[in-house]
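Protein chains in written order, with the working numbering: chain S, 245 to 732; chain G, 1413 to 1536; chain C, 98 to 236.
Where hints are given, some of them may not hold.
[Claimed, not checked] With a straight-line Cα cutoff of 30 Å, these simulated BS3-like cross-link-like pairs (lysine-lysine) come out:
#1 G:K1479 - S:K604
#2 S:K397 - C:K154
#3 G:K1513 - S:K269
#4 S:K612 - S:K685
#5 C:K202 - G:K1479
#6 S:K546 - S:K399
#7 S:K399 - G:K1525
#8 S:K519 - G:K1463
#9 G:K1517 - S:K408
#10 G:K1525 - S:K408
#11 S:K612 - S:K519
#12 G:K1513 - S:K606
#13 G:K1463 - S:K346
#14 C:K154 - S:K268
#15 G:K1517 - C:K154
#16 G:K1479 - S:K606
#17 S:K546 - G:K1479
#18 C:K159 - S:K268
#19 C:K202 - G:K1513
#20 G:K1463 - S:K606
[Said to hold, decoys possible] Simulated restraints, written as ranges between beta carbons of each label pair:
#21 G:K1444 - S:V442: 34 to 42 Å
#22 C:D102 - G:V1498: 33 to 41 Å
#23 S:V296 - G:I1431: 47 to 55 Å
#24 G:T1418 - S:D520: 24 to 32 Å
#25 G:K1444 - S:G313: 36 to 44 Å
#26 C:A227 - G:S1440: 20 to 28 Å
#27 G:T1418 - C:F228: 44 to 52 Å
#28 S:K604 - C:V108: 54 to 62 Å
Read the hints as simulated data drawn from the structure, not as lab findings.
Only a predicted model underlies this, so the values are computations on that prediction, with no experimental measurement involved.
Glycine residues also receive a C-beta, built at the ideal position from the N, C-alpha and C atoms.
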Amino acid sequence: MTSNLPLINIMFLMITAFAFPLIKKIKYIYFFSYIIHILLVISTLATLMFVVNHGAYALNIGYPDTFMGIQLYISHVEALLGVVFSIIFLMVVIFASSTIDKEISENRIGLFYLLVNILYTSLIGVIYSNDLFNAYVFIEVSTLSACGLIIIKDKGETILAAIKYLIMSTVGSGLVLMSIAYLYSITGHLNILLSHNVIVATYQDYPNSVLIILSLFTLGLGVKSALFPLHGWLPDAHSSAPTPSSAILSSLVIKVYMVLLIKIIFRLFGLNIVKDIVIMDIILLLGSAGMIFGSVMAIKQKELKRMVAYSSVAQIGYVAFGIGLGSIAGLTIAVYHIIGHALTKSSIFLISGLMISQNKSKYIEDLKGIGHEMPITLILFTLASFSMVGIPIFPGFISKWYLSLACLELNRISLILIILASSLLNLLYYFPIVINGFFGKENLKGRIRKSKKVNPYSLFPIVTLIILMLLTGLFSGRIIDFIALSFA
Amino acid sequence: MKGLLTNYYETAAIILFGIGFATLMLHSNLIKKIIGMNIMDTAIFLFFIAKGYIFESQAPIIRGELKTVYAYVNPVPSALMLTGIVVAVTTTAFALALTIKLNEKYHTVDLDKIMEMEGDKNDE
Amino acid sequence: MKYKDTILEEVCRFLILSIQIFAFYIILNGHLSPGGGFSGGAILGSSLIIIHLVFGKSYLQKKINSQNIPAFISIPLIIYGLLKLHSFLSDTLHWPHPPIGTPGKILSSGFILPLNIMIGIVVAFVLYQAFSYFWDEEF
């Protein structure tokens, strides 16, 4: 029974999603969503315990035989990511119950939770799936439901952002499907493990096909995860969506495609085949360009949410940097950065949503002196921005440190300069908000000192996420060792 | 060149993919973009199904006695593309619905004009 | 639509009946011949659209309350998910299988028939719902 939990998670979320339109009272909708997401946290933890005790395993769906059916593969990374995702979803859902009725109209709240459930299904589907076509279908479902979460606000700018996102994602999914077609034509399998066996035996006969497959996958998944220079849709989409949606989109959705890319590079091809291909260097180059460019663009922004969205472009750059190093240390740290950044970025988005709704202005300039009004919120923001900048013991620092170690291991010392430069740039846009917030004397007119207006339902999830982020930093050694078990 | 002519399905698919991609990227009219999107998807379906087709063999439905494996085409690509078509139709319907909403709010379906109306947000 | 046409209405009374019978035939025979839930549901949905166009919204409103359409869409989907969960898990957990029946009969091949019926209902109402959103421009 426990070994079937990943499948039950996916099905459970899909089935319960369609119960939301049937519930009429909004209070019951909130209550029902709490129950669903608490159950999911428990069941992903049980999956994690199962993997810890029994090791990685494959789960065949429908047919007992791998050749016919769809397969899920749950190793340490997948189980750990499942837990992180379920916790973040639970926290976002709790946060949403206190603020979502201010952002979207009342008859759409059931629809919002339906879309959250479907998005969640598709994300863990992509993570668990070991079948490429199945992963493609889940990717499409995630794109459509993410678009739904953006347009649910029903304003001109959100629809414009959603259609940009939809068009770019269609290009991405077209490229992914094309590369699956290429792969199918040389291997005859869609299952990652079976394809891997064929590729290892025959890749020297098809040098160009391997190059084409990997470059199409990189481009397609790169568009969807906003890898620089394909990030054009991200700032609009993530900044105009309602706050809970943008927290999910920015911390989880764009990361999932990177997880799939890691799976393709490590499981489908294997590092031995990939290391001679030029694509890895291109991923590294795009990653480092994104790290610099995303931060530079974030400095120029005047709106808080847009700044945070551009910072996501930079952080995806770190993940791509780790992948592009092409070593086991690099992949491990990419996964660690995905976890650390998911916790940090979701809390930053929730905090900025609170600040914007309290301040009734989305511009950074108007946030001066906000520390006098909402000190706890700004302290939480400070902790999260410490992680983004890379102050020691925070997860942001740990991933930068280990990325530098991975560079040293490969004797590519010049790459460390890029990491340093990007950290300094991060400092330039997060710290002014903190400093002006605490010490700014402008805009103090009309502010209430230490306002009690903050709802505990919106503060609790942020505090939990920040505590988890600190724990991720403190126990980084253990977590990284655990992740490395998957790449052994 | 000979390789291109013998694999004419794949060649046609790649050409169609290019046409669709260019239409999607270069036109600013949203309806044309959606048409380009559909051409691109169709090209991929053609490519994928051509991969499963074997010349002069039948659909794998067994009537009477079972013939050799080579008498039947590979049904997996066709089955996969059935899913792919449903996905493409859904995306198209969603994109068209969004276009109608945009037309209601901005009274044009030209993406460039809409962006002008929104004003720049100091990107680039 | 204010415009009323007697010839159109009388022809449609017969036409809609045959369209719907054809739709049910396709849904119920989905596991025996080409067709199935999606195509049958699309035909059923188009018959609903014709009713809406020819007889007007209020006529359809009497038969199907539009408040209930979300329920008509989501309940079959929930049943579909539960049946599918059963068929995924029944092998490993040794749950009882549905009877297979004789091949070629309507009541055969396990869960495929109920799954087709559920999909047919969902597709019909989703198509009609999408149409009425655009036709009435109230979304």
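Hint-by-hint comparison with the structure:
no.: 1; hint: G:K1479 - S:K604; verdict: violated, 73 Å
no.: 2; hint: S:K397 - C:K154; verdict: holds, 28 Å
no.: 3; hint: G:K1513 - S:K269; verdict: holds, 28 Å
no.: 4; hint: S:K612 - S:K685; verdict: holds, 7 Å
no.: 5; hint: C:K202 - G:K1479; verdict: holds, 26 Å
no.: 6; hint: S:K546 - S:K399; verdict: holds, 21 Å
no.: 7; hint: S:K399 - G:K1525; verdict: holds, 17 Å
no.: 8; hint: S:K519 - G:K1463; verdict: holds, 29 Å
no.: 9; hint: G:K1517 - S:K408; verdict: holds, 16 Å
no.: 10; hint: G:K1525 - S:K408; verdict: holds, 14 Å
no.: 11; hint: S:K612 - S:K519; verdict: violated, 49 Å
no.: 12; hint: G:K1513 - S:K606; verdict: holds, 25 Å
no.: 13; hint: G:K1463 - S:K346; verdict: violated, 52 Å
no.: 14; hint: C:K154 - S:K268; verdict: holds, 24 Å
no.: 15; hint: G:K1517 - C:K154; verdict: holds, 26 Å
no.: 16; hint: G:K1479 - S:K606; verdict: violated, 69 Å
no.: 17; hint: S:K546 - G:K1479; verdict: violated, 70 Å
no.: 18; hint: C:K159 - S:K268; verdict: holds, 22 Å
no.: 19; hint: C:K202 - G:K1513; verdict: violated, 47 Å
no.: 20; hint: G:K1463 - S:K606; verdict: violated, 52 Å
no.: 21; hint: G:K1444 - S:V442: 34 to 42 Å; verdict: holds, 40 Å
no.: 22; hint: C:D102 - G:V1498: 33 to 41 Å; verdict: holds, 36 Å
no.: 23; hint: S:V296 - G:I1431: 47 to 55 Å; verdict: holds, 52 Å
no.: 24; hint: G:T1418 - S:D520: 24 to 32 Å; verdict: holds, 30 Å
no.: 25; hint: G:K1444 - S:G313: 36 to 44 Å; verdict: holds, 41 Å
no.: 26; hint: C:A227 - G:S1440: 20 to 28 Å; verdict: holds, 27 Å
no.: 27; hint: G:T1418 - C:F228: 44 to 52 Å; verdict: holds, 46 Å
no.: 28; hint: S:K604 - C:V108: 54 to 62 Å; verdict: holds, 60 Å
The structure is inconsistent with the numbered hints 1, 11, 13, 16, 17, 19, 20, although it conforms to all the rest.
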